[in-house]
Structure formats: structure tokens, C-alpha cells
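Q: Listed here are the chains, written in short residue letters.
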Amino acid sequence: MDTSQLLKGVLPMAALSVISTGDAYGYEVLHELRSAGLGTVGDASVYGTLQRAYDAGLLSSYLVASDSGPSRRYYSLTPTGQVALKDARETWDVFCDVVTGLLDRGATP
Amino acid sequence: MTTALNDFVRQVDQACADLPEPQRRKLVVDLEDHLRELDADAIAELGDPAAYAAELRAALDLPTARPVPAHVPAYPPAQYPPAQYPPQKSGLSTWIIVALCVVGSGLIMVVLFAALAFFGLAATSQHSSGPGTGAPVASAVPIPMVPVPNLVGGTQAKATESAQAVGLDVRVEVVASNRPKGEVVAQSPAAFSQVQQGTTVVLQVSSGR
Numbered sequence: 011m012d013t014s015q016l017l018k019g020v021l022p023m024a025a026l027s028v029i030s031t032g033d034a035y036g037y038e039v040l041h042e043l044r045s046a047g048l049g050t051v052g053d054a055s056v057y058g059t060l061q062r063a064y065d066a067g068l069l070s071s072y073l074v075a076s077d078s079g080p081s082r083r084y085y086s087l088t089p090t091g092q093v094a095l096k097d098a099r100e101t102w103d104v105f106c107d108v109v110t111g112l113l114d115r116g117a118t119p
Numbered sequence: 016m017t018t019a020l021n022d023f024v025r026q027v028d029q030a031c032a033d034l035p036e037p038q039r040r041k042l043v044v045d046l047e048d049h050l051r052e053l054d055a056d057a058i059a060e061l062g063d064p065a066a067y068a069a070e071l072r073a074a075l076d077l078p079t080a081r082p083v084p085a086h087v088p089a090y091p092p093a094q095y096p097p098a099q100y101p102p103q104k105s106g107l108s109t110w111i112i113v114a115l116c117v118v119g120s121g122l123i124m125v126v127l128f129a130a131l132a133f134f135g136l137a138a139t140s141q142h143s144s145g146p147g148t149g150a151p152v153a154s155a156v157p158i159p160m161v162p163v164p165n166l167v168g169g170t171q172a173k174a175t176e177s178a179q180a181v182g183l184d185v186r187v188e189v190v191a192s193n194r195p196k197g198e199v200v201a202q203s204p205a206a207f208s209q210v211q212q213g214t215t216v217v218l219q220v221s222s223g224r
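Line order of the protein sequences matches chains B and D.
According to my numbering, the first sequence is numbered sequentially starting from 11.
According to my numbering, the second sequence is numbered sequentially starting from 16.
Because the hints were derived from the structure by calculation, they are not lab data.
Among the clues, some could well be false.
Claimed, not checked - Computed list of lysine-lysine pairs in DSSO-like fashion (alpha-carbon distance at most 27 Å, straight line):
#1 D:K196 with B:K18
#2 D:K41 with D:K173
#3 D:K173 with D:K196
#4 D:K196 with D:K41
#5 D:K196 with B:K96
#6 D:K173 with B:K18
#7 B:K18 with B:K96
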């Protein structure tokens, strides 16, 4: 199954969730997502998702100087972002139950 | 910025040449900041710039690329002026321009009405009483030029009203943007350019989030 469309739908929620465990910079979020099992996720998708969430006021950011190379932009959840993540979680739980229920009722080949 | 990074950003920029100018500039400037954080290995892993651009546009909820003429120049990232969008005009000069537009368009409409009425009457009388009362033809009146108002930053309704006030037609394209729903985020032709009356101004209006 092609997971790219599924990924697009859940990526904002997944990225917010990573940041909710502690402020992180873009590349760190990408690595967290990949090591959690979303191995196919690309930098452009994660960066674009973070940028959108930032533009929508779900994330705030600050620069932190790095020992190696340029400073890094760390993201943290805003109160709006926390609410959005909570909402997304509830929607996801319901959605998951519904789809799993449908699949369970379907004929398994 | 390293050459590899520079080239990469330039190619992403080219793949976004169809986006409205401010949107594209913001995308590229933000992307440069992001990519500077990556080390050389990570940049090598990014793959094909065109594919990266397509993936980024999808993630940003921007429309997929439309082909553009090859001659559209890419902006060398080093030469970006400081970001400034939307352009801010002082309130006073904006009002003076609006006032001039309104007065100008009023005069133009009076002239047009007179010409149309005259031509219409002449045509009617020509029809009823035969030839001999030929009037100057309306097409001899040159189409007046009008300045395009600055419509970015206002609501769709207000922008439409302002454009129509100076005799311009309006076409609306809804685009994804983080600006409030209904706000005009871009316009074409640009503000303050001189165009013929009746020209269609394309407004890009935010769909909101």
C-alpha cells in the first residue's frame, strides 16, 4: 500500500507529538519520526509540515547556537498547538476505531 | 552557504517559479535557513531538488507546479532584498491615490456615458429616420489608462470594490495561505501599474486555514 497519502494526513499530528515531548529542531524531528518507524518520511515533508504549523501559530521557535555550524531553530508547542494536538489525538482515536471496525468486518482473503 | 546548498536552493527556487513572487521568496528564504542547519551528508541525502520542491509544496499545501516559460529568471539567493510583504504604503499617500482614482474614474464614466448615450441616440435615429445623422463612432474614444490600486492586504469585497471603482474587472483565485480567509494575498497586475480600463485584475484570495 502506498503510504504517502496516509503519511500526509498524519504527519502534522506526528510532528507535533514529537515536539510535545521536548523542544526540537527540524532535523531532530525528522530523525525521531524515522526511528519511530516512519522510515519513508522525507526532509521536505517534515520541514514543510513544521513550517505550516509554525505559520498557523501551533509552534513557536527560537534559535540556539550550535557548536558545529550555524545556529538551529528549535520549535516548541504553543498553547494553541497543545490544543490542536489534543484534538488531533481524539479525532485519530475515533477514526482508527471506525476504520479498524470496518476492516474487521470485511472479508479477509 | 556551501556551493552544494546554494545549487540545491536555486533549483528548488526554479521549480517554484510559477508561485506568486512573495510566496516564492518566503519559501526560498525560509528553506535556506532550514538547510543551513543540515550537515553535508544530510544535504547529499536530500536527493533531486525538483522532487524535493514537489514534496515541500505538498507539505505546505501549495498547488502543484505549473510549467512556466524557461526564460523566467531565478533569483540568486544571495541577492534577496530583506523580506517585506505586503508592501506598506503610508496611509496618506494611499488615500490620495484612492481619491484620485475615484475622481478620475468618475470623470471617465461621465465621458463614456455621454459617448454611449450619444452613439445610442444616433444609432436609434439612424434606424428610424434613415441615413444622414451619422455620429462619431464610439471606438474613436481611446480606452483610458488607469492606475491599478493596491489591493493586497484587504478583504476580497473591499478589493473588488476598489478595482471596480476605477473601471477594472476582477477575477478571484482562491489559494492556500495562512492569512485570514478572504484576505487578498497577491494581485496581478501589480499595484500602481498603468493599465487600460476594463483590464481584469487577478486577485489571489486566502482560503484561510
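Q: Checking one constraint from the list: CA of K41 (chain D) to CA of K173 (chain D), max 27 Å. Satisfied?
A: Within the cut-off at roughly 26 Å; holds.
Q: Starting from K173 (chain D), check that the Cα of K18 (chain B) is at most 27 Å away, please.
A: Not satisfied, since the Cα-Cα distance of roughly 35 Å exceeds 27 Å.
Q: Could you grab the alpha-carbon distance between K196 (chain D) and K96 (chain B) and see if it respects the 27 Å cut-off?
A: This hinted pair holds, its Cα atoms lying about 24 Å apart.
Q: If you draw a straight line from the CA of K196 (chain D) to the CA of K18 (chain B), is it 27 Å or shorter?
A: holds (23 Å)
Q: Check whether the Cα positions of K173 (chain D) and K196 (chain D) lie no farther apart than 27 Å.
A: holds (14 Å)
Q: Do the alpha carbons of K196 (chain D) and K41 (chain D) lie within 27 Å of each other, as the hint requires?
A: Distance of about 19 Å is within 27 Å: holds.
Q: Verify the proposed pairing of K18 (chain B) with K96 (chain B), using a straight-line Cα cut of 27 Å.
A: holds (19 Å)
Violated hint for the displayed structure: number 6, the only one.
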